[in-house]
Amino acid sequence: MMRTADLISSASRALRSNPLRSALTALGVIIGVGSVVAMVALGSGAQAQVERSIASLGSNLLIVVPGAQQSGGVRMAQGGGGRDTLTLDDVEAIAGLEGVLAVAPSQRSAAQIVANGTNWNTRIEGVTPSYLLARDWEVSQGRFFDESEERQARRVVVLGATVARELFANVDPVGQSMRINGGSYEVIGVLASKGQSGFGADQDDIVLAPLTTVKRRISGRFRRADTVSQISVKAATEGELNRLQEDVENLLRDRHRIRAGDEDDFTVQNLSSITETAAQTTQVFTYLLGGISAVSLLVGGIGIMNIMLVSVTERTREIGLRKALGARQSDILHQFGLEAVTLSLAGGMIGLALGVAGAWLMTSLFNLPLVISMQNALMAVGFSGLVGVVFGAYPAWRAAKLDPIEALRRE
Amino acid sequence: MTATLIEANNLVKLYTMGEETVRALDGVSFSVPRGDYCAIVGPSGSGKSTMMNILGGLDTPTQGRIVIDDADIGTLSDEQLAGFRNKTIGFIFQSFNLLPRLSALENVELPMIYGGVLPKERRERAADLLDRVGLGERMGHRPTQLSGGQQQRVAIARALAGRPALVLADEPTGALDSNTGKEILALFRQLNSEGVTIVIVTHDHDVAAATKRTIEMRDGHIVSDRLNGSRAA
Numbered sequence: 004m005m006r007t008a009d010l011i012s013s014a015s016r017a018l019r020s021n022p023l024r025s026a027l028t029a030l031g032v033i034i035g036v037g038s039v040v041a042m043v044a045l046g047s048g049a050q051a052q053v054e055r056s057i058a059s060l061g062s063n064l065l066i067v068v069p070g071a072q073q074s075g076g077v078r079m080a081q082g083g084g085g086r087d088t089l090t091l092d093d094v095e096a097i098a099g100l101e102g103v104l105a106v107a108p109s110q111r112s113a114a115q116i117v118a119n120g121t122n123w124n125t126r127i128e129g130v131t132p133s134y135l136l137a138r139d140w141e142v143s144q145g146r147f148f149d150e151s152e153e154r155q156a157r158r159v160v161v162l163g164a165t166v167a168r169e170l171f172a173n174v175d176p177v178g179q180s181m182r183i184n185g186g187s188y189e190v191i192g193v194l195a196s197k198g199q200s201g202f203g204a205d206q207d208d209i210v211l212a213p214l215t216t217v218k219r220r221i222s223g224r225f226r227r228a229d230t231v232s233q234i235s236v237k238a239a240t241e242g243e244l245n246r247l248q249e250d251v252e253n254l255l256r257d258r259h260r261i262r263a264g265d266e267d268d269f270t271v272q273n274l275s276s277i278t279e280t281a282a283q284t285t286q287v288f289t290y291l292l293g294g295i296s297a298v299s300l301l302v303g304g305i306g307i308m309n310i311m312l313v314s315v316t317e318r319t320r321e322i323g324l325r326k327a328l329g330a331r332q333s334d335i336l337h338q339f340g341l342e343a344v345t346l347s348l349a350g351g352m353i354g355l356a357l358g359v360a361g362a363w364l365m366t367s368l369f370n371l372p373l374v375i376s377m378q379n380a381l382m383a384v385g386f387s388g389l390v391g392v393v394f395g396a397y398p399a400w401r402a403a404k405l406d407p408i409e410a411l412r413r414e
Numbered sequence: 426m427t428a429t430l431i432e433a434n435n436l437v438k439l440y441t442m443g444e445e446t447v448r449a450l451d452g453v454s455f456s457v458p459r460g461d462y463c464a465i466v467g468p469s470g471s472g473k474s475t476m477m478n479i480l481g482g483l484d485t486p487t488q489g490r491i492v493i494d495d496a497d498i499g500t501l502s503d504e505q506l507a508g509f510r511n512k513t514i515g516f517i518f519q520s521f522n523l524l525p526r527l528s529a530l531e532n533v534e535l536p537m538i539y540g541g542v543l544p545k546e547r548r549e550r551a552a553d554l555l556d557r558v559g560l561g562e563r564m565g566h567r568p569t570q571l572s573g574g575q576q577q578r579v580a581i582a583r584a585l586a587g588r589p590a591l592v593l594a595d596e597p598t599g600a601l602d603s604n605t606g607k608e609i610l611a612l613f614r615q616l617n618s619e620g621v622t623i624v625i626v627t628h629d630h631d632v633a634a635a636t637k638r639t640i641e642m643r644d645g646h647i648v649s650d651r652l653n654g655s656r657a658a
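Chains as they are written, first to last, in the numbering used here: chain A, 4 to 414; chain B, 426 to 658.
If you're looking for bench data, these hints aren't it; they were derived computationally from the structure. Even glycine gets a Cβ: it sits at the ideal position worked out from N, Cα and C. Hints may contain errors.
Below, in silico cross-link-like pairs of lysine to any residue (SDA-like), each with a Cα-Cα straight-line distance of 20 Å or less [to be verified]:
id, chain 1, residue 1, chain 2, residue 2
1, B, LYS545, A, ALA8
2, A, LYS404, B, PHE509
3, B, LYS512, A, ARG6
4, A, LYS404, B, GLY599
5, B, LYS512, A, MET5
6, A, LYS404, B, THR485
7, A, LYS404, B, ASP629
8, B, LYS545, A, THR7
9, B, LYS545, A, ILE11
10, B, LYS545, A, LEU10
Beyond 10 Å from chain A on every Cβ pair, some chain B residues (computed) [what the hints assert, rightly or not]:
id, residue
11, ALA428
12, VAL437
13, THR441
14, ASN478
15, ARG490
16, ASP503
17, GLY565
18, ASN604
19, ARG614
20, GLN615
21, HIS646
Label pairs and their in silico Cβ distance ranges [to be verified]:
id, chain 1, residue 1, chain 2, residue 2, range
22, A, ARG19, B, GLY620, 36 to 44 Å
23, A, ALA8, B, GLU504, 33 to 41 Å
24, A, ARG19, B, VAL648, 50 to 58 Å
25, A, ALA8, B, HIS566, 18 to 26 Å
26, A, MET382, B, LEU543, 32 to 40 Å
27, A, ASN309, B, ASP497, 39 to 47 Å
Isolated chain A (complex conformation):
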């Protein structure tokens, strides 16, 4: 019986004796594994990007907006809804539910603002201080307004990063004044940047002001005093989110006197389920890319089989000699099988390296996070080894079964 070390050195020797052919044979697997790794990494990167940007809207978050949900789908547009059905009393009631970490009403208004002689059109969100917690905002400069400023409808604003950059490029915005729809306001803080939302909107293009201020001085003219355009509800834990969604829906149906079977006059959006849907979509995309690449790995395997069959034919005499010298069928089987596995495993590892490099290149090109899981990498290399076993088995078996007398007679 041949020792394992001798088997390995014999196989590697045979491969090195014809380096160009070995390299070309492995190339199929290199391309296959490389593209699987690169494509899956790209897909995972896109998935992480989508998840991250949706999560940036706020985690464990329910958003209640006026108007009925449309045709069973998830309605992305917020704040339309025609009638003002949500009130500050609804907000109070939701705050009393179990498992609520923060409730924040908000009133949206579009406005033109002027500062330093520059005009900027943006959205103004009238909010309470709890909005920061509910929507995972952070203040990067200055401060946020407090409860008493909110109650007194003070003329203070906190700017989103985009607005701050556009209007106060060269000066510290905190302490500056600006005009909104003609009235004068003091900038007391700037929000930390959140970037784009999962739906492509710039979340930093926003101005936050006290809810009362917005209602009385900016949009108040057109609206009832006690209604809000949106209620953000943050659950204490993620596990409670679905239960809380039902509680909020039941509570509001009750308060709005909606009978069973009638259409709700509000919609509760669950950001976790939106995230999940989006993540599933990109995951399917990832599998698709990986699957297409796997086909090229299969083609690489066929290339190995082809070359191994040629090699067995070329080396018939050698096989006959080895048998005459005492090689068992299993020795020959292992020797040729190992050559195929070595080819495909080496190809797999080179492919992995190239795939990681390619993924890095593409993700930096498309500005995506680079996500490469150890598990996927090991799977790709392991799969390449399997390709070697499967496609090397038949040629090796043919070699092992050769009749030594016939084989020695072959020229």
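Following the hints, put chain B in place on chain A, whose structure we already have.
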């Protein structure tokens, strides 16, 4: 260990070629004692190649019984035949059959690899054997860097590597010029005098005459079996 190395009894080997059955061996009986040096001669088609394949454990007889070094060839499995070839037989071929990728030393090591001999011992034994056939200086050479006679010496060293009970040579001088052929035959004689049992299969009567004993075959039969006497020198 018995004094008789080979005991062949009424061997028959049938080949089916299309619809025709060929009797390659048709009742062959002979015996070879340990330490013998004999030639099996005959024209092509005489059955000598079939005889060699059976002696070498590459083939088994259709009928009859042959025992070599206490192993009954007809009863061995493929696996056991491989072991038999490795331990009991040393092959020498007309066309040397050295692996071109390997050095002389590595070619000699080859049968010991299949015998599971450890690398250090393998290398020492191979080096000793190459010394013994007069190639101590050329161990690192590839076959293509050696002359025909030198290649056949490497093949002889390889045949001896497993310390076989029987060295089996198939037309060992067939690819060599006559002077080199004589050198190889002289080496065989020397090895035989050191106790190695050698059987040469050849169609060349001059080669046969260099051995101690000639077994002549024709049409699957042994037609004569005689000692070469003083002519062998």
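Comparing the hints with the structure gives:
no.: 1; hint: B:LYS545 x A:ALA8; in the structure: holds (13 Å)
no.: 2; hint: A:LYS404 x B:PHE509; in the structure: holds (18 Å)
no.: 3; hint: B:LYS512 x A:ARG6; in the structure: holds (16 Å)
no.: 4; hint: A:LYS404 x B:GLY599; in the structure: violated (29 Å)
no.: 5; hint: B:LYS512 x A:MET5; in the structure: holds (14 Å)
no.: 6; hint: A:LYS404 x B:THR485; in the structure: holds (17 Å)
no.: 7; hint: A:LYS404 x B:ASP629; in the structure: violated (34 Å)
no.: 8; hint: B:LYS545 x A:THR7; in the structure: holds (16 Å)
no.: 9; hint: B:LYS545 x A:ILE11; in the structure: holds (17 Å)
no.: 10; hint: B:LYS545 x A:LEU10; in the structure: holds (16 Å)
no.: 11; hint: ALA428; in the structure: holds (26 Å)
no.: 12; hint: VAL437; in the structure: holds (18 Å)
no.: 13; hint: THR441; in the structure: holds (15 Å)
no.: 14; hint: ASN478; in the structure: violated (6 Å)
no.: 15; hint: ARG490; in the structure: holds (21 Å)
no.: 16; hint: ASP503; in the structure: violated (6 Å)
no.: 17; hint: GLY565; in the structure: holds (15 Å)
no.: 18; hint: ASN604; in the structure: holds (27 Å)
no.: 19; hint: ARG614; in the structure: holds (24 Å)
no.: 20; hint: GLN615; in the structure: holds (23 Å)
no.: 21; hint: HIS646; in the structure: holds (22 Å)
no.: 22; hint: A:ARG19 x B:GLY620: 36 to 44 Å; in the structure: holds (40 Å)
no.: 23; hint: A:ALA8 x B:GLU504: 33 to 41 Å; in the structure: violated (22 Å)
no.: 24; hint: A:ARG19 x B:VAL648: 50 to 58 Å; in the structure: holds (52 Å)
no.: 25; hint: A:ALA8 x B:HIS566: 18 to 26 Å; in the structure: holds (25 Å)
no.: 26; hint: A:MET382 x B:LEU543: 32 to 40 Å; in the structure: holds (38 Å)
no.: 27; hint: A:ASN309 x B:ASP497: 39 to 47 Å; in the structure: holds (43 Å)
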